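Student: Sequence:
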Amino acid sequence: MVGEPAFVEIGVDDAERARVFYGEPFGWRSTPGPSGSGLLVERGTLTGGIHGGDPRAAPSVFFRVDDLGAAVDEVRALGGSTQSLADEGAADADAATDAATMETVRGRFVLCRDDQGSPFGLFEPPVGGAGG
1 MVGEPAFVEI
11 GVDDAERARV
21 FYGEPFGWRS
31 TPGPSGSGLL
41 VERGTLTGGI
51 HGGDPRAAPS
61 VFFRVDDLGA
71 AVDEVRALGG
81 STQSLADEGA
91 ADADAATDAA
101 TMETVRGRFV
111 LCRDDQGSPF
121 GLFEPPVGGA
131 GG
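At position 125 of the sequence shown (counting the first as 1) the number is 125 in full-length UniProt numbering, and the numbers step up by one without a gap.
Derived by calculation from the structure, the hints in this document are not laboratory data.
Among the hints, a few may not be true.
Each pair of labels, with its calculated beta carbon distance range [what the hints assert, rightly or not]:
1. 66 / 20: 31 to 39 Å
2. 14 / 34: 14 to 22 Å
3. 54 / 76: 24 to 32 Å
4. 104 / 70: 18 to 26 Å
5. 114 / 69: 32 to 40 Å
6. 31 / 78: 35 to 43 Å
7. 53 / 120: 20 to 28 Å
8. 77 / 119: 13 to 21 Å
9. 25 / 55: 16 to 24 Å
10. 24 / 69: 33 to 41 Å
11. 127 / 55: 33 to 41 Å
12. 2 / 104: 17 to 25 Å
13. 77 / 20: 41 to 49 Å
Being a predicted model, the structure only gives us computed values, none of them experimental.
C-beta: ideal position from N, C-alpha, C; glycine also.
Let the sequences and hints guide you as you build the complete structure.
Tutor: Put into structure tokens, the structure is as follows:
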């Protein structure tokens, strides 16, 4: 369903420690992520990821959309911005959608900020896939 939280990403210093910390109390199942350095996490219908090398990061919530390009255009039209997932510290408001998009086997992702600077993400599942 469009607009529902569909993917949660947690940045930590050590992904393996986080696997134990979150996996045991919450019953999360994890497998190696597509990059080989993180984890894909599943619990019920919500999927997510844990990546290392990012101490004290806040969790990122990604909302499902059917058309990532149109959703990015709408975010920008409403005064929001996007930033590259590869360089989370640099605003990317004027770049083309593809420059800020990360594509994985799970779908396409873009980090955004609303018109007040609050972070969130957009997620488009792969064609024919349920995604998050």
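Student: Indicate, hint by hint, whether the structure satisfies it.
Tutor: Outcome of the hint check:
1. 66 / 20: 31 to 39 Å: holds, 36 Å
2. 14 / 34: 14 to 22 Å: holds, 19 Å
3. 54 / 76: 24 to 32 Å: Holds, since residue 54 and residue 76 (Cβ atoms, about 26 Å apart) stay within the stated range.
4. 104 / 70: 18 to 26 Å: For residue 104 and residue 70 the Cβ distance comes to about 20 Å; the hint holds.
5. 114 / 69: 32 to 40 Å: violated, 18 Å
6. 31 / 78: 35 to 43 Å: Holds - the Cβ-Cβ distance for residue 31 and residue 78, about 36 Å, lies within 35 to 43 Å.
7. 53 / 120: 20 to 28 Å: Cβ of residue 53 to Cβ of residue 120: about 22 Å, so the range 20 to 28 Å holds.
8. 77 / 119: 13 to 21 Å: This hint holds: roughly 18 Å between Cβ atoms.
9. 25 / 55: 16 to 24 Å: Roughly 21 Å apart at Cβ, these two residues keep to the hinted range, so it holds.
10. 24 / 69: 33 to 41 Å: Roughly 40 Å apart at Cβ, these two residues keep to the hinted range, so it holds.
11. 127 / 55: 33 to 41 Å: 36 Å Cβ-Cβ, so the 33 to 41 Å window holds.
12. 2 / 104: 17 to 25 Å: Between residue 2 and residue 104, where Cβ atoms are some 20 Å apart, the hint holds.
13. 77 / 20: 41 to 49 Å: holds, 43 Å
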